[in-house]
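Enquirer: Residue numbers (the numbering used here), protein chains in the order written: chain X, 1 to 231; chain L, 1 to 306; chain Y, 1 to 119.
Honestly, the hints are just simulated from the structure, not real lab data. Do not take every clue at face value.
[Said to hold, decoys possible] Beyond 12 Å from chain Y on every Cβ pair, some chain L residues (computed):
(1) Ala3
(2) Ser62
(3) Arg132
(4) Tyr169
(5) Leu173
(6) Tyr176
(7) His199
(8) Asp211
(9) Thr223
(10) Gly270
(11) Ile281
(12) Thr287
[Unchecked claim] Computed footprint of chain L on chain Y, listed as stretches where at least three residues anywhere in the stretch have a Cβ under 8 Å from a Cβ of chain L:
(13) 45-51
(14) 61-74
Backbone N, C-alpha and C fix where the C-beta goes; we use that ideal spot for every residue, glycine too.
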Amino acid sequence: MNRALTVARLQFVGWRSVVGWPWGILALSFLINLALFSAMNEADDFEPTTGGLMSIYVVMFVASINAITQDFPFAIGLGVSRRSFYLGNVLNYLGQAVSYAAVLYLLAVIEETTDGWGVNLRFFGIPFLLVDNPVLRFLSFAIPFLLLGFIGIAIALVFKRWGVNGLLMLSTVALAGIGGLVVLATWRGWWSAIGGWFADQPGWALLVGWPALLTLLLAGLSYLTIRRATP
Amino acid sequence: MSAVVTVTDLTKRYQGVTALDGVSFSLAEHRIHGLLGRNGAGKTTLMQILTAQNFATSGEVSVFGQHPYENEQVLSRISFIKESQTYPSHLRVAHVLRAARLVHPGWDEALAQRLVDVFQLPRGRNVRKLSRGMLSALGIVVGLASRAPLTFFDEPYLGLDAVSRQLFYDHLLADYTEHPRTIVLSTHLIDEVSDLIEHILLIDRGRLLLDVEAEALRGQVVTVSGPVAAVDEFARTGTELHRASLGGTARATVRGDFGPAAPDRARSLGLDLEASSLQDIVVRLTTSNNGHAAGGAAAADKEAVR
Amino acid sequence: MEDGRPIFLQIAELLENSILDGTLAEEGQVPSTNELAAFHRINPATAAKGVNKLVDDGTLYKKRGIGMFVSPGARAKLRGRRRDEFARQYVRPLLTEARKLGIEPAELKNMIDTWEEGR
């Protein structure tokens, strides 16, 4: 566990870039939107959402890929076990997801109380994410970080262990699998049933529960993959 | 002296290629070992397996008495400096040193800072903007300052000029003398390190050709030249590694336990005798097919035709 | 260091030379193996082996905790041994080469005298 903490710290030695990129890009996106909305603030009764919040998730997704393609060979080269690297990396990512989600939550609250930063800008609060329960609302910020992070880790690990061919194989299987299911669903007329299932799911399950489950599954598979990966 | 590394019948196969073929040896503690061989001989693969960065196909590996795979106790005592090491692209020189300091329990920060000055490394420069030589120097600083009980240097000098390489050897020797530890130096600049290494492992095409004390090998290989009959006579007492002939004279490189009497014997046969350097020995052993077997007709014929 | 001969023998010889020419006096302290290693850029273990060879044959002796010293009488002993080696190392090849060129031993003596006078 000590070594895992070492890895988490090791990934933070260049912390200015680690923290700077996601928040820098988010800030840039926010400022552009703010300027845009100040310029056209006559549209009072209309509350569009910008999608600019996505930028921080995209940066963190890329960061999780970099963790495998760049940090992994570096840490293993310095003499860290794969297990420690993985745990440290998860710890590091988890810490960032939780703290970033907290900041985003805070910003969303500020956004609401200031009537969209005084210009009716809805940047941090996403309409379909309006959940009353504060814990669920917090998780709805945090879980996407984790899901995207582990998708990034999983994809990068497939590349690390099986190369380009591995990635092509993965995409082919995924495409064939999803395509097959779509065809099957259409052929057997399952679509209304599927739609019904989604409609029956409570909001928290769609936003938090199922993504969390998928995240756990990816985390487990990634761990098994990294144990035999070479830097 | 106890063995830090023990390797038994180690084999590594990549698709269709045998990188290591039944290699067995052990490395004694607190010595400088030279891991020699041509490019692609299997040196890097061997070190990668010893540091658990790669996986063996078969055979046993023991480092500090344990298997290194996922073994924090073993891995934290190893430093492996390789030419191909990559760094996260956002890191600066100072970041890399800080990271290495976190991982290596025996890290000597004062030494690291001194070496950074010696090699004139720009502390604030991004690793992507370092020249090849600076990257090598960074690896050398990490390898020496880590003070790891088992340190591997895999061709650590790419892009370094002769002066910087000498600086590396001098600091390696000085720090090793003060803080004895087990060092494995993989290199093909053999002449440069031949006086530093105590024990030699020579690998060729995945096989272990030599596992000897450097001092024992010195004087074991000589080149005699003179009349063919006399050369034949001398060569009979050893294993002929190489021969070239011109008319009635011949030159043969011979390996054997000649001892201090060899020059006298050569002289009384009317031969000129020249002792081979370590580099010559390695070249002879890895270019001739009879490096490990007696009789050298094939190689001799080839040379004679030229 | 020179190629082709064990380095520890070369180290031992260098120390012997220093004793023979008086650079290292009898009862004087000999450089430590670490100093020898750094100066000649060789492995410390090899330097130690060279020094130990001289300890074994009595040329040097060990003062515990202080270092290595030249034994009393070491210089005379070395000189005697080197004289024997001189004949083997220099006189014999000289004669062999002379024979090859048809130089008789008497003529060889003359040559040596001439060179010694002209020095």
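Enquirer: Just pull the numbers of the violated hints for me, sorted ascending.
Expert: 4, 5, 6, 7, 9, 10, 11 and 14
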